[in-house]
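J.: Okay, here's what each chain looks like letter by letter:
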Amino acid sequence: MLDSALSVFTAGRNMARLMEGLGVTVWISLASVGLSALIGIPLGLIMASPKRAAAKAIRLYLETIRVMPILVLLFLFYYSLSKVGINLTAFLVSILVFTLWGAAEMSDLVRAAVTSLPVHQKESGRALGLTEIQVSLYIVIPQAIRRLLPGVINLTTRMIKTTPFVFFINIPDLMKVGQQIVEVSGVRDYLASVWVYGFIFLIYFAICYPVSLFSRFLENRWQSG
Amino acid sequence: MDFNFIIHCLPLFVAAAKLTVTLAFFGIALSLAVGALCAVANYYKVPVLKQLANAYIEIARNTPLMIQLFFLYFGLPRLGILLDGKTCAIVGLSFLGGAYMAEAFRGGLVAVSKTQIEAGLSLGLNRFQLLRHVVFPQALAVAVPVISATAIFLMKETSVFSIVALPDLMYLAKDLLKEGHSAESNFLLVISYLVIILPVSLFFSYLERRFRFAGFGS
Numbered sequence: 013m014l015d016s017a018l019s020v021f022t023a024g025r026n027m028a029r030l031m032e033g034l035g036v037t038v039w040i041s042l043a044s045v046g047l048s049a050l051i052g053i054p055l056g057l058i059m060a061s062p063k064r065a066a067a068k069a070i071r072l073y074l075e076t077i078r079v080m081p082i083l084v085l086l087f088l089f090y091y092s093l094s095k096v097g098i099n100l101t102a103f104l105v106s107i108l109v110f111t112l113w114g115a116a117e118m119s120d121l122v123r124a125a126v127t128s129l130p131v132h133q134k135e136s137g138r139a140l141g142l143t144e145i146q147v148s149l150y151i152v153i154p155q156a157i158r159r160l161l162p163g164v165i166n167l168t169t170r171m172i173k174t175t176p177f178v179f180f181i182n183i184p185d186l187m188k189v190g191q192q193i194v195e196v197s198g199v200r201d202y203l204a205s206v207w208v209y210g211f212i213f214l215i216y217f218a219i220c221y222p223v224s225l226f227s228r229f230l231e232n233r234w235q236s237g
Numbered sequence: 161m162d163f164n165f166i167i168h169c170l171p172l173f174v175a176a177a178k179l180t181v182t183l184a185f186f187g188i189a190l191s192l193a194v195g196a197l198c199a200v201a202n203y204y205k206v207p208v209l210k211q212l213a214n215a216y217i218e219i220a221r222n223t224p225l226m227i228q229l230f231f232l233y234f235g236l237p238r239l240g241i242l243l244d245g246k247t248c249a250i251v252g253l254s255f256l257g258g259a260y261m262a263e264a265f266r267g268g269l270v271a272v273s274k275t276q277i278e279a280g281l282s283l284g285l286n287r288f289q290l291l292r293h294v295v296f297p298q299a300l301a302v303a304v305p306v307i308s309a310t311a312i313f314l315m316k317e318t319s320v321f322s323i324v325a326l327p328d329l330m331y332l333a334k335d336l337l338k339e340g341h342s343a344e345s346n347f348l349l350v351i352s353y354l355v356i357i358l359p360v361s362l363f364f365s366y367l368e369r370r371f372r373f374a375g376f377g378s
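Same order as they appear, the protein sequences are chains U and B. The numbering used here puts the first sequence at residues 13 to 237. The numbering used here puts the second sequence at residues 161 to 378.
Please note that the accuracy of each hint is not assured.
Result set (DSS-like, lysine-lysine): computed pairs, CA atoms no more than 30 Å apart in a straight line [what the hints assert, rightly or not]:
{"id": "1", "chain 1": "B", "residue 1": "K210", "chain 2": "U", "residue 2": "K188"}
{"id": "2", "chain 1": "U", "residue 1": "K68", "chain 2": "B", "residue 2": "K246"}
{"id": "3", "chain 1": "U", "residue 1": "K188", "chain 2": "B", "residue 2": "K338"}
{"id": "4", "chain 1": "B", "residue 1": "K316", "chain 2": "B", "residue 2": "K178"}
{"id": "5", "chain 1": "B", "residue 1": "K316", "chain 2": "B", "residue 2": "K246"}
{"id": "6", "chain 1": "B", "residue 1": "K205", "chain 2": "U", "residue 2": "K188"}
Think of the hints as simulated: they come from the structure by calculation, not from any bench.
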């Protein structure tokens, strides 16, 4: 049994290729999460502000994205952008689509974190004679971040778990590389698919589990405070 | 856009959409059952079962559905367990969904405050009455929004089922793309998912409003 596992991972450049696939997965995740935060946070602040029209427009964007499976969005963008003369690599399309989705979800988290703060917090600050900037800086933002962070970390793991979708647009991520290895090694090695897919399963778990634990830790810690 | 082609393809999309809806229905129903079992094991702190349920929840929640399906469909047959595509899809979806549903139920049960249970006990309610009239309604009010969000999430996750060789909507769209009808097939793809997901989403927002009765103390 173990011999067959060893031979699958040591044959050729299999292990190196899996690690390259993991690199692609990690890159797409990091870029999408980073860009989502960059775009989603300002959008969320606008949604929480009294600007009605802008907030409604963002809400519409959010609901439009939410109703479609992300795989469908990925598929649409990948096969339609080139039709209208925009040529992006599959890699960039995937980051674009995940960011469109992530930014929408992020904006909703930010809106919820900011609007869930009791009004009396701001009012007390003003009553103490703080300026608007001081109220934001010392009262609103620190509390909003506490409420925001667990949700953002959850979104991060959700985005990591969504990256295997790039398999459908032929990006050599962890899943695609795994499938290629199984196709070649499966001929000689009867259990290749068990080992390779089991290994990829473990990799995803090893990435996502600590992140979820961290999110729960923050939640427990900050709930009491 | 070629409307004749759209009309020509419509029956194909209806069939694929039916498959998606059927699989989603069974997957979500089983998810609720698995989730309820795990939540009960957790709530009553049943030894061994509680630990097993928690381990399962962490594993299912922290891995993507796609790799779970790959393992079921391509890995298990090599270990002597042969499942067809549909079974894999339903088992995979309820494996993933059960963990999320368990968390939804748990969140609801935890939210019922101790004073409520103590008040019920002091009124002389027995264990079953307590569950039926005090704990369950309040837990449900908290759990319903999470359950509905999870159900929608699971419906959207069904879009990956073509990897276990099921002729679902994505499979069909990819097939038609090869024939060079991308505009039409993309249009039909979007419409099909809208027709499937929008009613469910509206139904759940109605349900959430209906269940928002137990806002004790807030």
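J.: Would you mind marking each hint as holding or not holding in the structure?
T.: We went through each hint and held it up to the structure:
{"no.": "1", "hint": "K210(B) <-> K188(U)", "result": "violated, 36 Å"}
{"no.": "2", "hint": "K68(U) <-> K246(B)", "result": "violated, 41 Å"}
{"no.": "3", "hint": "K188(U) <-> K338(B)", "result": "holds, 20 Å"}
{"no.": "4", "hint": "K316(B) <-> K178(B)", "result": "holds, 14 Å"}
{"no.": "5", "hint": "K316(B) <-> K246(B)", "result": "holds, 17 Å"}
{"no.": "6", "hint": "K205(B) <-> K188(U)", "result": "violated, 41 Å"}
Of the numbered hints stated above, those contradicted by the structure are hints 1, 2 and 6, listed in ascending order.
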